[in-house]
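Participant: Residue strings, one per chain:
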Amino acid sequence: MGIFIHKINCISPQQTWGDIDIQTLRAAEENRLYAREPVYDGIPPGILRRMGRAVRMGVGCALPLMKDSSPDGIIIGTSNGGMEDCIKFLNQIMDYEEGMLTPGNFVQSTANATAAQLGLMTANRNYNITHVHRGLAFENALLDAMMWLKENPGHNLLLEGLDEISNYNYNIDYLDGWYKDGNVQNKDLYATETKGTIAGEGAAAFIVNNNREQAIAEVKSVRTIHTNNEADLKSFLRRFLDEQISGEIIDVLVSGENGDSRYAHYYKAVEALLPDSMVVRYKHMFGEFGAGSALALWLACRQGAFPHHSIKRAMPHTAGSILIYNSYKEWQHGFILLKRMDPENS
Amino acid sequence: MEKEQLKLQLKQQIIQFLNLTNVKPEDIKDDEPLFGEGLGLDSIDSIELIVLLSREYGINIQDPKEGRKILVDINTMVDYIVEHRTK
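For the protein sequence lines, the chains are A and B, in the order given. Residue numbering for the first sequence is 540 to 885, as defined by the numbering used here. Residue numbering for the second sequence is 1138 to 1224, as defined by the numbering used here.
Just to be clear, a hint being listed does not mean it is correct.
In silico SDA-like pairs for lysine to any residue, Cα to Cα no more than 25 Å straight-line [as the list claims (entries may be wrong)]: (1) B/1166 x A/581; (2) A/627 x B/1179; (3) B/1161 x A/581; (4) B/1161 x A/579; (5) A/627 x B/1166; (6) A/627 x B/1150; (7) A/627 x B/1191; (8) B/1202 x A/581; (9) A/734 x A/868.
Quick caveat, the hints were computed from the structure, so don't treat them as lab data. Given the structure is predicted, the values throughout are model-derived calculations rather than measurements.
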C-alpha cells in the first residue's frame, strides 16, 4: 500500500503560490529560473533575516501546512541545501585564514538547516531527517516517508523537496558542462539540440499519511536506479511497470526532460515504453535541480488540466495514474508512480 | 575619524553583518540597547558583532564578560573601538 497526499504547497519560478497561474510561463534570466518568493508572513523577521534562499523557501513553503497538520515527522530531500551560504562560509575560511568566522553562514549552510529550523519554529521534536542523495534526494525522502508510515500508521508527515540556485555552484556546474552556452529561453528549452540545460530552484511540501479519505493523490511506489546504460533503464522500468500496473496503461508520464541533447535518449526510451500515455514536461517551468522531482509531484497532484505549454504528447484520457520520471546528471534515475484522486469522493 | 562618523560607519557595518535589511542607520539610536529591547538582537548576533570588531577594527574580545560591557549600545561600542582599535 502506498501513502496518501493531503495537502500541497509549492514555491517555484512560476506562479505556484497564492493566486496560482501556471498557464502563463515566466521566463528564465540568463539560463536560470529563479523562484518567485512570496512574502513570508509566518516567519519572524529576526529569524528570516538569517535565512538563505533554500532555507527560506523550504520553511516558507512548509510552515503553513505544518500549522494546520502538526506532523509527527519532518522528512526533507535536498541535493545541495543552502549551497550559497556553504560556499560563503568556505570562502571565509580561506579569506580569514581559518580565523574568526561568522556563525550565520555556517548554521544556514548545513543541508539539514531547513528541517531543523522547521522543528525549532514549531517545537516539533519528532522524527526529523534530511536526505541528500543528489538527484535522488527527494525520491529517497519519499521512500523514507512510505517506510515510516508503514511502521507508524495513523500519523502525519511533512515531506518536502527543495534546492536553491547558488551562483558559485552554477559556475562550477557550467564549467562541467551541465548548463547551456549562450542565452536560452526556457520556452525553447526542448527545441535546443545542444548539451546542458537551465538551472532552477524551488520547494514543494506535502502532508502525507496512510488515510485514503479526502486525499488528493496516492503515491503507490517509488523506485530508483543508478545507471548510464539505456538497456538497463528500460528493463528496470519494464519490471517496475509489470509489478505495479500489470497491463494497465499509465495515463500521464511526467517527464523530467531537460533539453540536454546528450541524455535525451533516456527520456525518449521511457516515452517509447509508454506509447499510450500523455507526456507532460516540467523543466521549462522549474529548471534543473537535484530535488526537482518534488515539484513534478506537486504538478502531478494538482487537480485539473496540465498547463498547455507542458504537454508534449496529448491523449484524450483524464489523468488518473501518473508516472514521474526524472534523470539527473546521466546516472541517477527516479520513478514515482501515483494516482490522482478526487478528494470529494475518495 | 570623528566619533560621529565612526558611529555611522559602525551602524552600516552592523546592518550589513547582521543582514538587517529593513533597518537604516538612522533607525539605530546611539543609546538604544542592542539586545533584548531596542534593536532586538540575540546571542548569535553577539558572535557576529565580535567577528565584526575583529575583522574591521582588529579588536579581539576573548572574555565574554568583557563583551557584555562593550556590546551594550552604539555609544559603548564606539568608545571601545576608539580606545582599542588596531586598524
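Participant: Which hint numbers doesn't this structure obey?
Facilitator: 1, 5, 8
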